[in-house]
Each structure stands twice: as C-alpha cells, then as structure tokens.
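K.L.:
Okay, here's what each chain looks like letter by letter:
Number of protein chains: 2
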Amino acid sequence: MSSLTSLILAPAGSIIALAFAGYLIRAVMKQEEGTEEMKKISLAVRKGASAYLRRQYTGVGGFFAVMFVILLLLASFGYLTFFVPFAFLTGGFFSGLSGFIGMKVATSANARTANACRYGLNKGLRVAFNSGAVMGLVVVGLGLLDISFWFYFLNWFYTSVQPIAADAERYANITSAMLTFGMGASSMALFARVGGGIFTKAADVGADLVGKVEAGIPEDDPRNPAVIADNVGDNVGDVAGMGADLYESYVGSIISSSALGVAAGLGLNGIIVPMTMAAVGVLASIVGTFLVRSSEEANQSALLAALRKGTYGSSLLIAILSYFLIRNALGPERIGVYFAVLSGLIAGNMIGLCTEYFTSDTYTPTKNLAGTSETGAATIIIGGLSLGMLSTALPVIIVGAAVLISYFVSGGASNFSAGLYGVGISAVGMLSTLGITLATDAYGPIADNAGGIAEMAHLPEEVRQRTDALDSLGNTTAATGKGFAIGSAALTALALIAAYTDEITGLVQRTGINFTFNTSILNPPVLVGLFIGGMLPFLFSALTMQAVGRAAQGIVMEVRRQFKEIKGLMEGTAEADYASCVDICTKAAQKEMVLPALIAIASPIVVGMLLGVNGVVGMLAGAAVCGFVMAIMMANAGGAWDNAKKYIESGHLGGKGSEQHKAAVVGDTVGDPFKDTSGPSINILIKLLSMVSIVFANFVLNNSLFK
Amino acid sequence: MSSLTSLILAPAGSIIALAFAGYLIRAVMKQEEGTEEMKKISLAVRKGASAYLRRQYTGVGGFFAVMFVILLLLASFGYLTFFVPFAFLTGGFFSGLSGFIGMKVATSANARTANACRYGLNKGLRVAFNSGAVMGLVVVGLGLLDISFWFYFLNWFYTSVQPIAADAERYANITSAMLTFGMGASSMALFARVGGGIFTKAADVGADLVGKVEAGIPEDDPRNPAVIADNVGDNVGDVAGMGADLYESYVGSIISSSALGVAAGLGLNGIIVPMTMAAVGVLASIVGTFLVRSSEEANQSALLAALRKGTYGSSLLIAILSYFLIRNALGPERIGVYFAVLSGLIAGNMIGLCTEYFTSDTYTPTKNLAGTSETGAATIIIGGLSLGMLSTALPVIIVGAAVLISYFVSGGASNFSAGLYGVGISAVGMLSTLGITLATDAYGPIADNAGGIAEMAHLPEEVRQRTDALDSLGNTTAATGKGFAIGSAALTALALIAAYTDEITGLVQRTGINFTFNTSILNPPVLVGLFIGGMLPFLFSALTMQAVGRAAQGIVMEVRRQFKEIKGLMEGTAEADYASCVDICTKAAQKEMVLPALIAIASPIVVGMLLGVNGVVGMLAGAAVCGFVMAIMMANAGGAWDNAKKYIESGHLGGKGSEQHKAAVVGDTVGDPFKDTSGPSINILIKLLSMVSIVFANFVLNNSLFK
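Protein sequence lines, in the order shown, are assigned to chains A and B.
Each number in the numbering used here comes from the position in the first sequence (counting from 1) with 128 added on.
Each number in the numbering used here comes from the position in the second sequence (counting from 1) with 128 added on.
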C-alpha cells in the first residue's frame, strides 16, 4: 500500500467509529425509560446536566474567544502561523462536542439501565455498556476526524497553495501546526475536568454531609434537595470530564508522535504509524464491544470476566495488527517500534492491575485499610494516605520501564530522535484501546445513576441489587480506567515535552535566533524550573480541593435552608427544590475553575519569559514527575477509602452505622475530591502545560530574560 | 591574613562553641530540679531516653560496622581511598554524640525549667533557652571540629606522607575525601530522625487514642502508662533527631561548598570561605544568645520579640562580618559571592516567615482551617491538606530565587562551576546562624516537657500557665526552625548533587574511564531517574507513616492491658508500668527504621547500576524537588492542624470537648506523623541519597548497565 493511501485508514476509522456510535445510540434510545416516576427523575437529571454544560460552554466560549484573539495577535506578529487560532478552536470544539454527546447519551441511559435491570442483569449491563461505548467511540471518532481534517487540509495547503517541495520540511510544517490544535483540546479538557470535578464532588460531599450525617436520611433519598445535583455531577464530572481528559491524551499522543516521527527523519511514515494505529484501535475496540456478553444471572466475577474479555480481546487484536502495520509502514529494519507499541499496551494494563490491587476490597491493602477504622477517623486517614503513597512505586517503575524499552527498541541508543519517537508511539499503543477502555469506564457512572434512579423511584429491592452489582463492577473498571488515564497522561506529557524541544529546534533553525539548548538538570534555570514544575501539581490540587470545600459548604447551607423552610419536605409531602442545588454547583464550578485554569495557562508563559526555554523544559519535566506521582497517590487513596467504606457497609467490621463505618465515611469524604477532582485534573495539567509551551514557543524564545 | 592562618578560625570557633556549651551546661545544671515528685518524673524520662538512645546506638552500631566493612572492601578494590571508611565512622560518631549531649541536657533541663517557672517566666525562659542553646552549639562545635580535623589531617597527609605538589590536585583530593564523611553523618541522622520520629509519634498518638479518647483522662495525666514514653519521645525525636538532621545539613553544606570551590578553581580560598564563615556564625550565635532577654512577667509577644532579637541579631552580625571575610579571602573581584551568602540568609528567614504565616493561629490560614471543623473531621482534613499544598508555592519560589541569585552573582553566567559554588555558599549562609536557630527550636520540646512535668507533679496552675506560654512560643519558633531545616536541606542537596558531578568528572579524568555526562532531562535514563527520585519521598513517607500507625497500635494494646490488669490504676492508688511503653516504642522504632534506611541507601546504588551516573543525577534531582515540596506540605499541614486544635482549645468555635474540637483532634493526629516523622525524615533522605551516590560514585561508574 502506498503511504498516502494507507493514511485513508484514519478518516475511515473515524467515520466507522462515529457510525457505530450512532448505531449504539439508536439501540440505547429504543429501550424503555420505565415508570412515570423514573422518567421524571431522569428528565430532571438530564435538564440539570444540560443546564450545566450550557453554562460551562458559555463561560468557556468566552475564554476561547479571548484566547483566539490573543493567538490571532501572536500570529499577526509572526509568532505563529494563522492556522493556529483556528486549529485551537476546532480542538476545543470537538473535545466539547464529544463530552456533550457522551453526557447526553449517559443521562438518557440512566433510567433505561435501571429499567433494563428490572428484567435481568445482562440486559442492564448491555444498556449501560453500550452507552459507555458511545462515549468511547465518539472520543476516538471525533479525535481522529479532527486530526485527519487538519492533516489533509495542511497537506493540501503546503502542496497547492503555498508549496513546499521538500518532503521533510513540508511534513515538519504540517505536524508543527497540528500540534497546536492540541491546546484547544487541552483547555477544554481542563475546564471539563476541573469544573465537572468541582460540581460533582461539591454536590456529593454536600449532600452526604447534610443528608446522611445531619438529617440521617439514606443516600439517593429524594427528600434530599442535593440528590439530583449529585446525579448530575456523576455525568458532568465522571462522563464528560473523563471523556475530555482522554480525548486530549488521545489526540496529544497521536500528534506529538507524528511530530517526533518527522523530527526523527521518518517523513510521512512517521505520521502514518500513529494515525493508522489509532484507526486500527477503533476497529479492535468495536470488535471488543461484541465480546462483552454475559449470561442472564451472572455473578459479579462473571460480569468482570465479560468486560475483561472485551478489553483484553481488543488489546490482543491490536498487538497482532500493529505488527503488520508497522512492518508495512516503516519496513523490517525498524520493526523495533512495534515493541514500543507492545510496551505501551502492556504498561497500560499493568498500571490498571496495580490500581485494582491497591483499591479493590478483594485484596489486602484495602482490607487492611478498612481495619484501621477500628481506631477511628485519624488512623484511617493516615492509612489511606500512606496506601496512596505506597501505591506510587510500581506505576513509576512500570512507566520508567516502558520509557526505556520503547526508547531503546526504537533505536534510541544510536539515534536520539528515533528513540523519542518510540516513547511517543508507546503512548499511542497504550491509548489505542481507548474506545473500549473508555467504554468500560464511562459505564460506571451510568450504572451508579441507574441505582440512584432505582432508589428514588422505589423500584423493587432486586433491581437495586442488580444496579449495585453493576455499580460495584464499575468501581473496579473505573480503577483500571484511571490507571490508563494517568499512565497515558504521563507518557503523552513526555512525548509533548520532546515535541516541544523539536519545535524549538525547528524555530531556531528557521529564524536563526541565538539560542542553545542546555537542558542539563544542573543548569540553574532548568533546576529552578524543575522545582516550580514540581510544585504546580500541589498548588493545583490545593486550589481544586479548596474549591470543592467551599462549594460543598454552599450546598450544605442551601439544603439546611430547604429542610427548614419547605414545610412537609422531610415527611415526603412537599418536593425539594432540586434546581437550586444544581444552580449553586454550576455557579461554583464556573467561578472556581478560573484560577486553576489561569495558573495552568500562565505558568509556561511566565516561567518562559523569566527562565527561558530551558527553564520551561525543567518546569514541564518537574510537573510531569510530581504530577504523575501525585495523581496516582490521590486516585488510589481515594479509591481505597471508597471501597473500604463499601467493604464495611457490606457487613464487615461492624457494618453500616458502626463507629468503624463513621470513620470510613470520613475517609471516603476526604477521598472524594482526591479521586474525582484534584487527582484527575493533574492529568490535564501536565499535558496542558506542554501544549501551552508549544503554542507560545516562538513568543517565549523571543521574549525571555534568559536565553 | 594568609590563607592557612585564617583557617585556624574553624577549629577555634569549634572550641569556643564547645566551651560555651560547657559553660551553659554548668549553668543549667546548677538550677534546682524542684520537688521530689518532679525529680522522680524527670528521672523516669531521663532513664527512658537514655535507654532508647543506648538501644538505638547499639542497633546503629551494627549498621555502621557492616557499612565500615563494605567501605573497606570497596577501598581494597580501589573504588575508594582508605580514609573513607574511617571518615564515615567519625561522621556518624560526632553526629550521634551531638544528639546524645543535646538530649542529655534537654532531659535534665525539663524539671529545672518547670521549677524555674515557679519563680517567673523569664527564669523559665532562660533555663529552657540555655539548654536549647547547648544543642545548637554542640552541633556546630562538633561539626566544625570534625571538618577541621579531617582538613588538617588530610592536608598533612597530602603534603608530608604522600605529597601532591600541585595545589589544585591536592585540595581536590582533600575535599573529595572530606565529602565522604558526610555519609556517616547522614546515616546517623536518618536513624535518629526516622527512629526518633516513629518513637515520639507512636507514643503521642497511642497515648492520645487510648487516654484522651477512650479513657477520657487529660493529656500528661500520670495514670496514662504511655505518658512517660510521650515525654521521652519529645526528647529523642524533636531534640536528638532535629540535632542530627541539622548537623548533617551543616556539615554537608560546608564540605560540598568546599569541594565546589576547589572545582571552581578557587583552591584553598574556596575551602576557607565556607569554613571560616561557619566559625564566624558560631561567634554571632553566641552573641545572639546574650540578646535573648525578657522582663520578668513579659507576655508572649514580648517573649517572641526576645527570641527574635537573638536570631535577627546573629543574622545581622553575620551579614556584616562575612562581607569582610569574603573580600579578604576571595578578593574584591569575587565579592559577588557575598551576595550569595545574603541570599541564603534572607531566604532562610523568609521561608521561616512563610511557615509561620501558614501555621500560626494568629494568621488567617490556620484560623480558617479551625473553621472547617464546623462541618466535621473530613472537611478539616481536606482543609489541612490543601493548606499544606498551597503553602509550598512561596518556599519554592524563594529557594528558586536564592539558587538563581547566588548562581549569577557568583559569576555563573561566564563560569558554571563558580556559579554552583555560589549555590553551595548560599546554603552555608542559610546555615551559618544554626547555633542560634537550633537553640530557639530545641527549646520548644524542653518547654513542652516542662509543662508535662508541671502537670504530673501537680504544680500550681500559674506554673502550668507559664510553661504553656513557653510551649506555645516554642511552636512558633519550631515552625521557623522547620522552615530553615527544609530550606537548607534543599540547598544542601543541590550543592551535593553538584559536588557529585564534580566527583564523577574528577574520577573520569583520573581513571580515563569511558563516560560522558548527558544530564539533559530528555535523556531517558535521566528522565526515568527523575521519576524514580520523585517517587522516593512518597514511598519513604508511606513507610514511616505506616510504621507510626503500627507502633501506635502496639501502645494502644499495652495501655488497654494495663488499664484492665493493674488494679487501682485509674483511681490513682497504683502506679502504671511506664517502662513497658517506653520499651514498646523503642523496639518498634528500631525495627521499623530498617526498611526506610535500606531504601535510602540502596536506591542510589541500584539506580546507578541500572541507569548509570546520568540516571543517578536524575534520581537525586527528582528526590530533591519532590522531597522539598512534600516536606513543606507535611510540615505545614501538620503544624496548622496542631495550632487549629490549640486555637479551638483556647475557647474558640465551641472550645474543648465540642464536636469541633473532636474534629480538630482528628486533624492533629493525622498531622503528628506528617510534621514529626515523615516530613522531617524527607530532609535527610534527599541529602543521604546524594551522600551515598558520592561514596559509591566510583563503584557505580565502573559497574553500571548504561554509561
């Protein structure tokens, strides 16, 4: 197959993914929504989620408008090509669109999943999983669409409008322009993750603090005015936020690898490998979704096995197909790159297993953590924090091994650029199964919401048991998904850092500006950059956790007010004002996400102007290192606290209502912002920092204090 | 003054410090110990502390013996000179000795301080402060003694026994050998900090959990069998541990700067500046102790002003004297180095102020934190963690600025080595006031213990009020002291990393081994090293926190047993078995400190053998960055929780016994291992990693997988 012909796989894969997503949407929407009460609740959640996204997109629209103007200005001063502002917009638009579609389907699937669970577990699984698969497929479909569009457009532009004859130079220009549209996706992802994360945890923590603790009513009780906000939060945080996060990693890994491939002198083939591998991943993911089947009354481990069959089946398929793909594109002498793919695939699955080991209550760490509740809240907090910290060791070693292996098998020992290309490709390998891993992940909050609806609509106990089984399974797959999200964020961030230095090298060659790289750790600007970068995830986590705290406080006040002022609410004769809680969370999320976003975007520019490009490289590396470790720590501590609480609730150590349970609830509440706000936001932070650095590379190069 | 003559200042300063410490010991010991009951309690604490140190030194002795043999073996294979094993021993010996003397005086001063408080606040302050000053002066005195001894001995050896004619080469050999004795001090410090930290917090947390929470008896109640262990812990952890920590920073900064000075081509003058500056610091500290005076019934802010007069007075004196010293040693063309000293001095004080701002209940952060107790334990935990994370930003910027300033004022722009020398000198500048800053720090636990003795011996209420005033002041000065400890650890670690690369450069030149530095962040072994280094502080903290949890659990069991089995204990008619609790803590501390120590010592060797020297540099930088940020986070979160609890206890937000207070106690308990075990241990970790790397540099260079 000739090179440009094989590239057609990318848009083809994109269209297949979107078409299949459309088919799944139809299949989901054909299901019954259930009783009138279920429809009513589902509608309330849908309305709340739409209202939130509308508000978020309005606010974010303002940000995009301002950034667009800034980028236009930079372009008019010659710091950027005029494609960048537009690429920035499309990146943001498609990221937002995939979150929007995913969330629309998820909120429509909640009641349908609950309803399907009235007829059997497998039926419920199908609905929830199919809806999750929509999210996965839309993310990869739109991601590939955006990448393909820009590739074909820029290729046309640089061959027809402003011809660049030399292949190497033309492809360098193309990938350099494509890189910048990642910033749009990253910015949108940051808002989705931070805003969604603040929304969901403010509602969750607020609802729990005043409902469960003060008023003594159960979770998901319709008398709690924050209960709809809580359900909305699951959708805007865990579905839309997670989707935007991985959209960004996905796109980031493909475009950074393409740029690294061109820098390594592979020309068009360097671009073809990541793009067609992504396309192959789409097909493998679709095949994987068909493997997810379960008997009608399967137990939980059989359900897990069904989901695993899907993800492992897809991984295996990719492992086989990518061999031929790479051999065809790069030739047998570069087949080492194939092992970079494998190392990424394996590392992703291994990190997922680590996460599961540390956070599932079937293994000792979480069981022991539950045991620390015997001596109160303080010991379970200390236990969870140390569990989270301890759990960082293996993932660091796994990612380290993946980096070294993919670097050396790709020829890094003799050719530095080829080695870095391998690191980028290992990120693509890890993310190639995204269609299906995201499906098994996004399905969790849908099952969770279905349980809430079953509770609120007073469905029979067995329905709730089935949704609980699905939900609990969702926690395990979410752990794996989080492992993937963190691991891929780290590898993508590293690929982006490498792409950044290539970008600078290209600029120096083209403009002849006086600059020499000295990214040695001992170079003081690099070292100081490292320190600043290392501090950023801490600062960022502090701000997002404080935001959750403040917003939760607002919910507590509002719920207390409604309990006092709405007569008959506690007796069930009057209805709570759900919309006001949704509104409070929405406003808080919008307000609170500004400062963290500003820090993420301003840091590379300010550090660049003060410490120069070398300082920026230091900052990016410091943020990637500390951010990776922090993100694992927070995700695993949060997951373990959550499951330790569930373990106690399932009857161990005194069960529900015991002193141990109260201590575990404290742990879970601390873990909420850890695992669903601050931790995941760090993933975006480390990628966005690199993206901003790339877009502002030329500006910083020309306007920095140090060279 | 000729160069070698001026160097006499160092041993002279050492002897003056030790002589003045002897004078202060006599002054303290002349005081009355008070009533029979006070004597009895004080004796129990003294015996417990001695028993602990004896056991610790026995265990550590075994470690030193093994390491001594390993180093001898390495020396016999030609990887080290034969001085190293012996230098290693003296470093450990003097570090242990300074901890031993400091603790001896502290445990003798407890009852005397309580007794002096019967006659007035200023009397109590004098006794406590003088005892703290002993610790400060012994640390700087013995540190300078060890350094001076090795300098004179090696200088004699390389001029008379095995003459090296060329000055540059001779001084390079001398400083290279001197560097290695830092590893002895570091190892001893690690054991003292980790072991002491586990001891003190296991006793504290265990005593609180079962005494305050379960049995409902007040703190320091003699019926609690863990109360003596708690008091012993303050001495072995906060006094001996802190002393060993700063001994190591002090010595490390002086010897690494000397090595950097020689590498920068400054010859003997490069050594003279740090050594004589340290000597001048001793004199300034002694002058400072005379400035600490207060009126007989001063309030707390007057007391603080008295202590501040001492530290600021010393700083000012050093700022003046070091100008002439540097001008004399390096000449007016290198006077820039003086500004490196200033930047270190100022940075140390600024970090101290930051720490105070974030942890003192006179400022908003801690007041707000206390407010989060209104919604329970979970919110105060989230609040404390985010406060700690937020508080890392300013210290990072301050240290970053200090690094850049000291680098550039010392001529880094044109001469890399001269710049790094500046960074080392700024660490020396920060630590030059150690004599007095350590005095104001070590005095805190003495006052704390005096309060405990006043309580146990049933002294009048006014005495307890006075000891409380001293204790509370101690918390503020301890915060400043911790800021110094962390800041100086970071700067010293950076100087040591630079010294490590110089050491490697020297080895490569001498042995002609095939190795080229590539410490670029983008070099995969460096990058992977960064990740591993970044993870180490997390792993280390996890292990030390878990150790505290386990040991506290043991205390809880033992106290419960005594409450049950010893008849009449709760009624006050029978006496508790204090020794058994001391014994449990001692054993636990000894057992639990092995694994963290092993990790700290093995990591540089294992990483070096796998990733090579470049990987080691990455690991050291990653550990320094993440460790610095984590140490601040943990110290400040812990300090803020502690003071938020005290703020509530002083009558705010419902006061003692309220729900808010209970929530604050949870926060304080979580903060205990944060601020007194894991956080401070990280300081040592990051320096010890560098020290081990230096000692094993030649071995790693010859036995690594990657070059």
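Hints are not guaranteed to be accurate.
You can't tell identical chains apart in this list, so a pair holds if it fits in one copy or across any two.
Said to hold, decoys possible - Heads up, simulated SDA-like pairs for lysine to any residue below, C-alpha to C-alpha not over 20 Å straight-line:
#, residue 1, residue 2
1, LYS168, ALA294
2, LYS784, ARG183
3, LYS495, ARG678
4, LYS774, ILE641
5, LYS790, VAL636
6, LYS437, PHE210
7, LYS340, GLU787
8, LYS790, VAL341
9, LYS719, LEU419
10, LYS167, SER178
11, LYS790, ALA172
12, LYS719, ALA434
13, LYS774, GLY344
14, LYS340, TRP284
15, LYS168, PRO460
16, LYS692, GLY783
17, LYS790, GLY779
These are calculated hints, taken from the structure and not from any lab test.
Just so you know, these numbers come straight off a predicted model, no measurement behind them.
K.L.:
Each of the hints needs a verdict: does it hold here or not?
P.N.:
For each hint, the structure was consulted:
no.: 1; hint: LYS168 with ALA294; verdict: neither (62 Å within a copy, 90 Å between copies)
no.: 2; hint: LYS784 with ARG183; verdict: neither (38 Å within a copy, 45 Å between copies)
no.: 3; hint: LYS495 with ARG678; verdict: between (32 Å within a copy, 15 Å between copies)
no.: 4; hint: LYS774 with ILE641; verdict: neither (60 Å within a copy, 59 Å between copies)
no.: 5; hint: LYS790 with VAL636; verdict: neither (60 Å within a copy, 61 Å between copies)
no.: 6; hint: LYS437 with PHE210; verdict: neither (46 Å within a copy, 61 Å between copies)
no.: 7; hint: LYS340 with GLU787; verdict: both (14 Å within a copy, 17 Å between copies)
no.: 8; hint: LYS790 with VAL341; verdict: both (9 Å within a copy, 16 Å between copies)
no.: 9; hint: LYS719 with LEU419; verdict: neither (43 Å within a copy, 51 Å between copies)
no.: 10; hint: LYS167 with SER178; verdict: within (16 Å within a copy, 73 Å between copies)
no.: 11; hint: LYS790 with ALA172; verdict: neither (31 Å within a copy, 39 Å between copies)
no.: 12; hint: LYS719 with ALA434; verdict: neither (42 Å within a copy, 45 Å between copies)
no.: 13; hint: LYS774 with GLY344; verdict: within (18 Å within a copy, 31 Å between copies)
no.: 14; hint: LYS340 with TRP284; verdict: neither (61 Å within a copy, 76 Å between copies)
no.: 15; hint: LYS168 with PRO460; verdict: neither (60 Å within a copy, 83 Å between copies)
no.: 16; hint: LYS692 with GLY783; verdict: neither (31 Å within a copy, 27 Å between copies)
no.: 17; hint: LYS790 with GLY779; verdict: within (14 Å within a copy, 27 Å between copies)
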